[in-house]
Amino acid sequence: MSKLHLSEMAAVEARHPEIFTRPFWSRFRMPLIVLGAILYGLYCWWFFAIGAVFQNANWSLAGTYLADWVSYEVRPEIRMADDGTMQIRYPRFSPLGDNPNPDWVIAMRETVTHRIEAPAATAAQPAVKKSATSFMTAGAPLGGSTAAPTGEAKAEVRTEEVVTRAEIVMSGSARIEVVPGEVLVRYGDESLRVFVDGKTVLPDGDALPGWATQKRPGEKIVLSFGMAGWAEIEADEVSIRKRFLGWANFVFDTQSPFFGKSASEVMSLIASGERIDPSRSNLSLAWNNVLYNSEWQHLDVWTKLLQTIVMAFVGTVLATLVAFPLAFMAARNITSNWLSNQLTKRFFDFLRSVDMLIWALFFTRAFGPGPLAGMSAIFFTDTGTLGKLYSEALENIDDKQREGVKSVGAPGVAVQRFGVLPQVLPVFASQALYFWESNTRSATIIGAVGAGGIGLKLWEAMRTNSDWENVAYMVLLILIVVFVFDAISNALRARLIGRMRT
Amino acid sequence: MAFNSFPKEFSESGALIERHWQELAARRWLHSWLGFGLLFLALGGSLWFANETNAGKFFDRLPHLFDFVGDMVPRDGFEVFRALFDLASPYDDGSFKYNYPEGRFYVTESLYIPEYFYKMLETLNIAIFSTIVGALLGFVLCFLAARNLMPNWLVRGFARRVMEVLRAFPEVVLAGFFLAILSLGPLPAVIAVSIHTVGALGKLFFEVVENADMKAEEGLRAAGANWTERVWFGIVPQVMPNFISYFLLRLEINVRASTIIGAVGGGGIGELLRLSIGQNHAAKTLAIVLLLFCTIIAVDQLSAWARRRLVGDQAFRLAQ
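Keeping their order, the protein sequence lines are chains A and B. If you read the first sequence in full-length UniProt numbering, its first letter stands for residue 1, the second for the next number, and so on. If you read the second sequence in full-length UniProt numbering, its first letter stands for residue 1, the second for the next number, and so on.
Only chain B is shown next, with the shape it has when bound in the complex (with noise of 0.2 Å):
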């Protein structure tokens, strides 16, 4: 950015604003071009050591990128579908690759839920239940911690603190430990995404039971209602098309949250793709990166169009 010399007519005192200015102008653009360098060397830095770190050097990978892309290529385009609806593969020769209708789950004699659709469900009812454990406690919290409601900053701080740490609490390890107290099962999975939930909603909740109205309430507390009375009348009503909303954007990330949680022991369909590509299944692969791909869409555009009947076009805000 150039700056001109001052202009003739400037007067004495309208010089000094204009040099002032222009001293702020060159300090603001000192400080950004700081922030930026220092914002680039971080990232240099960061990029050399993780590639130092890294298992694989980033250029020596870099030709071999999609190598195992072609690996993934199945023999035919109707494998993929075969592996998604467990019919019997032309393929087949006895291995675990070929295999598709061993993983069927029977519902009764002849009809049969094919294996990754089941564990979808499985998947997808490990975010629904989750969701909904975590909400009904992050509505119970949030009025604790909201400063409107609970005068008393003792239980609002506790009820903060308990859910910062609940949210930041790593969910691998919640994950982990239940594994080993429940043994295998999409259970552990079911209490990581709880608790992890508990924290994240509860802190959007008490933020928008912060922004409500208080007349309503205040009205009740001058017929003489108790807490509850108040909170249940006075808040709830308001607040409830938000707490749904968020609950809804929730369920999204709950969803995506699941498959990863079950990719590291938590069952359900993040366990099968983790295993099909660690051992090249390419059709396998596919046909579950299809299925997720597809519910992850489903679920998104679902949980859009209800929050926008719900709440009109808000803006759209992520929260983990």
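Bound-form chain A, shown alone (with noise of 0.2 Å):
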């Protein structure tokens, strides 16, 4: 490559002055923007406090509820009584059905004789004379026990068969075992033993290892195992939450009869199998079972998400529809009115800038929180927007066909049909199904203030931060209907406004 001499560079500089001596701002633009955006990023950084609040933040709280989208828990709980006896309890809508026996649990279970004290709410009815003991017989636990009556209905003796001895295979490579007056506790290479008196918990040895946790000696130690779960040791109980994949009972729940079983015992109990509910059809009551599954709520979550998309739809449409001749009014070609021009243009101006927030707070107390409301505000807001692109698609059209019309001595009407619609009306659908399409999006969080719809619904669910299964769920039939919609949406474009270059 040959060098230029200096006074070719001379010239080549005198030749083209606009790009060796640019005026300062078209020089230094980038820079100062650049500039300008860093020291507002810090100016936000300490508006906003993001660095405090980024260090408070419960992160290990993220990967709980990030977990809770694709899996659940189950949380059998291991209450110890001083005589060395167990009992593995459930909670209520455990998503084991009412009496699990998961084989992961692994109970050994003798025959002893104890002394239980008596439940307080049962003691504190000593008015019940002579039917105190049947009535406590009939509450107590089922397996043959024979009550002792006692005076003052305080304390028994029992015999019956208990749990002495429980172990818990967490996963392939964890177990907790528990057995009186210790736990046991194996991850890996690695084992804990941790003694429980029912006042105090005292790990073996002086360091614990790295997945278990103590605040404070004597109280709880929290064991975390990962995916597999966590489980806390307290002094008298051993809670345990094993994580499984996947979501639980999505289609039938544990009240279901159907709940359980396979989905070929399924599909062989409604084909032939004896009702039952001899009321109706096993078709019926299964599906019926799914409709109203309490866990996952489908009927409802269904309805939700038919009023979200009910709402963009007809807010859309409608709006296209009052938008559609009130732009031929603001268009300065079409009505050669200057009042009516202004008076529509700022009327759209009007409903643009009041935010659909307000539109939809306004409406959500006029017709109380639902469908109606987001519509409204749907409408509201889109007759603004599509009315102000309707009319400057009017404005921008080729006069050429208006005024061949127009010399054939068409009437009025006939001008804006064969000379006016033809040209805009491509761009008016395409326009609308562009609504149409992100009004699917903005109508979730709509509802979400309070316009009904499936917005509401998501909201009430990430409120309690424990449904986050059914989030997980709501969001994946949005992403369905978004996406599907989408593609209507495109291809109906593509086919009014010819084939788009994607």
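Everything labelled a hint here was simulated from the structure, so no lab data went into it.
Below, simulated SDA-like cross-link-like pairs (lysine to any residue); rule was C-alpha separation at most 25 Å, straight line:
id : chain 1 : residue 1 : chain 2 : residue 2
1  : A       : K220      : A       : V105
2  : A       : K220      : A       : G188
3  : B       : K57       : A       : P369
4  : B       : K203      : B       : A304
5  : A       : K345      : B       : A304
6  : B       : K215      : A       : M30
7  : B       : K215      : B       : W232
8  : B       : K203      : A       : A487
Examples of chain A residues lying across from chain B (beta carbon under 10 Å, computed):
id : residue
9  : A37
10 : I50
11 : A57
12 : N58
13 : W59
14 : Y65
15 : M311
16 : R365
17 : L372
Covered, in the sense of this in silico footprint (three residues per stretch, anywhere, with C-beta under 8 Å from a C-beta of chain B), are these stretches of chain A:
id : stretch
18 : 38 to 48
19 : 440 to 446
Glycine included, C-beta positions come from ideal geometry on N, C-alpha and C.
Relying on the hints, combine the two individually framed chains into one complex.
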């Protein structure tokens, strides 16, 4: 490459002064904008206290919540009595149903005779005279117990089969063994022995392994087994949270007669089984059980989703229908009346500038929560936006067609129909489709404000922080709906205005 | 539309063509009306469904539509401005409804920013900051998603799918999720709006990049420039005006979005509006509506002016 002489360089510079001696603003525009953005970013860092918020954030919760999206926990509790007997209990509405007996909880049963402190609630009823004992026998656990009548109904001696040793398999490498007085945990190569005496929790040895934490000596120990779950050892109780991948009881809830049956069993029951409920067929019972699944509430979720779809659809269609004639009034070249132009245009601006949020809150107050409020909010906002877009499209049309139609003596309506409409209709329709698509998205968030639909349901599910799997289900449904509508609207638009570049 | 019988002067082939045309026209006419019929059927069904599942029925509620507007009339005209500027009200009875100075945000001992202005500033900051963050990430992603710059369809497809999911993911869920982790404050709203912006702007950006003139890039390629240099010196200068124009357009949308996100718990003016409407605080509600209305008009006008200067009177296009 030959080098330029200094004089040649000077000549080039003299020929193109606009490149070599640019004004200050155009030379330093980019660095200044970048500097401004950085300064603004620093200001926002301070304004939102981003550092402090991130530091105080509960990141361990984030992991749990995210795991909840696609998995569920089963929470057996092993309660240890002073005399060495145990009780394995599951909370109400456990995903395993009312009588769970999972194979990962191995319980050793023995028949022992022991004294039981009667529950305080029962003891607090001394007024029940003779029937007290029979009442208590009926309430005692099943298993051939013989209740010894005790005078004050304070304590009784019972001979029954109880659990004396329990082993929980958390994963292939982790298991927890509970025997009277101590808990033995094995996780991988390490093991931990913990002594429990009903009042304190005492680990054997000084150093706890990395997966166990005890905040204060004597208090509960928390064991974490990663994705397999976690457990808490308290002085008289071991609580297990074992995590399973998947959505629990997605089809049938635990109250359903079809619960716990395999797909082929359910199919054969529906096809040829005896009626479970004599008043209706098994098919309708099964379908009813699916729809009213108490955990997943399929029917409610689908209804709410349909409400959201309807909100977006009706809002957009009505907005299009109203904006269409108004746009003709607003366009300068169609209606040559200054007052009507200005009035309609300012009306559009007003509708657009009052935020969708304000409209949504207004109509929620007026109609009560539900899709009517949401669709009215979308209708009002989009009438403004579509009207503005439509009137701009009308003002940009080619005037030759109109003149041609006018020149053959067509009446006013025919001029619009044949001179204007063919030019703008594809644009109008494609913009309406575009808004339909984006409204399907914004209808969700409008709903959360109180306008009904799936947004409100999502918001309610998130509030408790315990139903993240329901949130995941609804998000999945919303994503499917949005993608399907995207595809439909893209296909329709492509047909309307010719194949678009993708 | 009426179809006349054929004029006599058509030849045989001419009549054939005429008949074929009329058949096509009739079919088109039928299809249009069938389409309209379906649309109105769907509309009617939807309206019925919406009315059935709504808490209040349309025709029951219609006469009472403006009932609560009556509750929203302040005691006198100046109340709105007292609420707006946090001045003490003569009707102050100790209740929250008339206690305007309560929310003053003191900068110094005596100088204060009125509550609603401060909250509006917060909402604006949410919008601007998350638009900047979203635009930066979208800027990085868009070159990976453009057909003309990324020949590897795997990377391109991945980048596009990521943007689609980010765009379609409900903002409510993002806000709710980060609200649970980060606790109350405007940051969950910032994150939710940013994530949505990445998807929305990324899509618009890569469409601009795909329409870019490739001659500059070719020249750089001939001179042996690597991918980053080709993008930075060949593509970025020509797409920048469009990018900034889309950035400003998105800013307008995000100001609205951050008020709504605020109403579902993200802080800012939206939350105050929802509370004051819910509690029938007439003057406060009107003050917020007025402030919001003016701000949105100002932002729209400012951004429209800047966009006109940047790219001329380009067709206005909304993207959400």
